[in-house]
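J.: Spelled out from the first residue to the last, the chains are:
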Amino acid sequence: MLDGEPCNILENEFVKPGKGQAFSRVKIRKLISGKVIEKTFKSGDSVEGADVIDTELAYLYTDGEFWHFMNNETFEQIAADEKAVGENVKWLVENDTCTITLWNGAPIVVQPANFVELEITETDPGLKGDTAGTGGKPATLSSGAIVRVPLFVQTGEVVRVDTRSGEYVSRAQK
Amino acid sequence: MGTDNWRPSASIEVLKQRALVLQKIRHFFAERDVFEVDTPALCHATVTDEHLHSFSTQFNHPFTPHPCTLYLQTSPEFAMKRLLCAGSGAIYQICKSFRNEETGQFHNPEFTMLEWYRPGFNHLQLMTEIDELIQLILGCDKAERVTYQDIFKQHLQCDPLTATLADLKTLANRYGYAELAATENNKDTLLMLLFSQHVEPHIGQNRPCFVMDFPASQAALAKISSANPLVAERIELYFQGTELANGFHELTDGAEQLRRFEEDNIKRQSKGLEMMPIDQNFLAAINFGLPACAGVALGIDRLLMLAFSCSKIDQVIAFENSRA
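Line by line, the protein sequences give chains A and B.
Residue 79 in my numbering is what sits at position 79 of the first sequence, and the numbering runs on without skipping anything.
Residue 195 in my numbering is what sits at position 195 of the second sequence, and the numbering runs on without skipping anything.
Calculated from the structure, these hints are not laboratory results.
Heads up, a few of these hints could be off.
Unchecked claim - Here are the simulated lysine-lysine pairs, BS3-like style, with alpha carbons at most 27 Å apart:
#1 K312(B) - K24(B)
#2 K312(B) - K27(A)
#3 K169(B) - K39(A)
#4 K153(B) - K39(A)
#5 K142(B) - K267(B)
#6 K267(B) - K39(A)
#7 K90(A) - K35(A)
Stated by the list, open to error - Going by beta-carbon spacing under 10 Å, a handful of chain A positions derived as facing chain B:
#8 N8
#9 N12
#10 F14
#11 V15
#12 G18
#13 K19
#14 Q21
#15 K39
Even for Gly, the Cβ is constructed at its ideal location relative to N, Cα and C.
Turn these sequences into a full structure, and let the hints steer you where they fit.
T.: Here is the structure:
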């Protein structure tokens, strides 16, 4: 918690002079205002922990303004706005489980699963005979995300992607 | 955890180059008649410095009823000085050192340290030798030498040796550390913050830079200068944003050494940290007689980062801690 807002640590740089006090230079995103700020703390300093809870919910659909999720046990539904979904919108797959962070009952962060499987909607055919593919090529996925895939992967195939790095992992297991 | 975590964090090519650098270092010291030693990593006592955190473990001795606490050394300093007291002459060591609570771009909780001692040298003569080693490994220019006071004044327009706590708080406020400065009443903490954030990034960009004459309050195990009691005969070497080495004209006064250890423990107590047992074997050795000498500790991993233009320590060690 910082200035009354729950925050997310984006980067934490450990700074320590040869003989002396260690500091942490942290880059923080305020989750409500979306502001990114930098702050320096002495190592060992503490701040109030934010009273947030993470819940596992299945993604249902979007109406363009909100993204709807459902608790598969209670069937309770929750709607997250654009600010909460952010850039992760490109990794939302229907029925996939996402981690939703709630603060005072309202969703403030939507985190997709580490790996998702998506269909390629468009990619160049690639070179014939190249099965190893070193450089790769860009491919557009059904969610709108663009990832680099090996040359042998074609339009219509389903691929597995690491949502943390945005990198192609493999073809989906059938 | 990714499935690739079994892989080394450094490339095999860097690891081969690393081996060659270690060979060069050993050759450098062999030519100068400085002999290699190997002292314990696991000891009954450890450093008292409030800013260093030792790993500890329990030793279950087969013939005694109670386990005893042993500490992994944060540097081989105490044991090497005991060898000097016993008449070893010039010595060096390349060993693993361990520091708890340290991890980051330049830090791994275990790292490789090169430490060496030169009886009969003062810190100025030792600087020349460090410089020669650095030039040999990095192929860089001769290092420049500046005093802590001059370089601090040049970048922050404030005299670090005469500034009051209020002066330093004002300065910290101006650089955006208002919250930290509001509750901080230790001058050295503010000096360390300002120096590491607003001086270090500007020095040693084109050639290595030695900073000499640190404030006496940051002496660690260095002699206080007889010419100026406000400064200690302590040196630090910086190059391209990396702090590479820390050296002292070594403190040889046993009573003063004990006083510093006790002072450290009082500081620890006031911060709610555990007090550390004082190394009695080390004190006994100093009281027996440490020859006048200068010594330095140099981070081998950081030297390799500079040699191979790596931005993270992970890229020069086989398995950084999260993969270990």
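J.: Hints first: check each against the structure and report whether it holds.
T.: Now the hints, each set against the structure:
1. K312(B) - K24(B): 23 Å, holds
2. K312(B) - K27(A): 19 Å, holds
3. K169(B) - K39(A): This hinted pair holds, its Cα atoms lying about 16 Å apart.
4. K153(B) - K39(A): This hinted pair holds, its Cα atoms lying about 25 Å apart.
5. K142(B) - K267(B): With Cα atoms ~39 Å apart, K142(B) and K267(B) exceed 27 Å; violated.
6. K267(B) - K39(A): Holds, because 26 Å separates the two Cα atoms, which is no more than 27 Å.
7. K90(A) - K35(A): Answer holds: K90(A) to K35(A) is near 22 Å, not above 27 Å.
8. N8: Result: violated, 19 Å to nearest chain B Cβ.
9. N12: Cβ of N12(A) sits 8 Å from chain B, so the hint holds.
10. F14: It holds, given that the least Cβ distance between F14(A) and chain B is near 3 Å, below 10 Å.
11. V15: At about 6 Å, which falls below the 10 Å cut-off, the nearest Cβ of chain B leaves the hint on V15(A) intact, so it holds.
12. G18: The hint holds - G18(A) has a Cβ within 10 Å of chain B, the shortest such distance being about 4 Å.
13. K19: Hint holds; K19(A) Cβ to chain B Cβ min 5 Å, cut 10 Å.
14. Q21: 5 Å, holds
15. K39: 8 Å, holds
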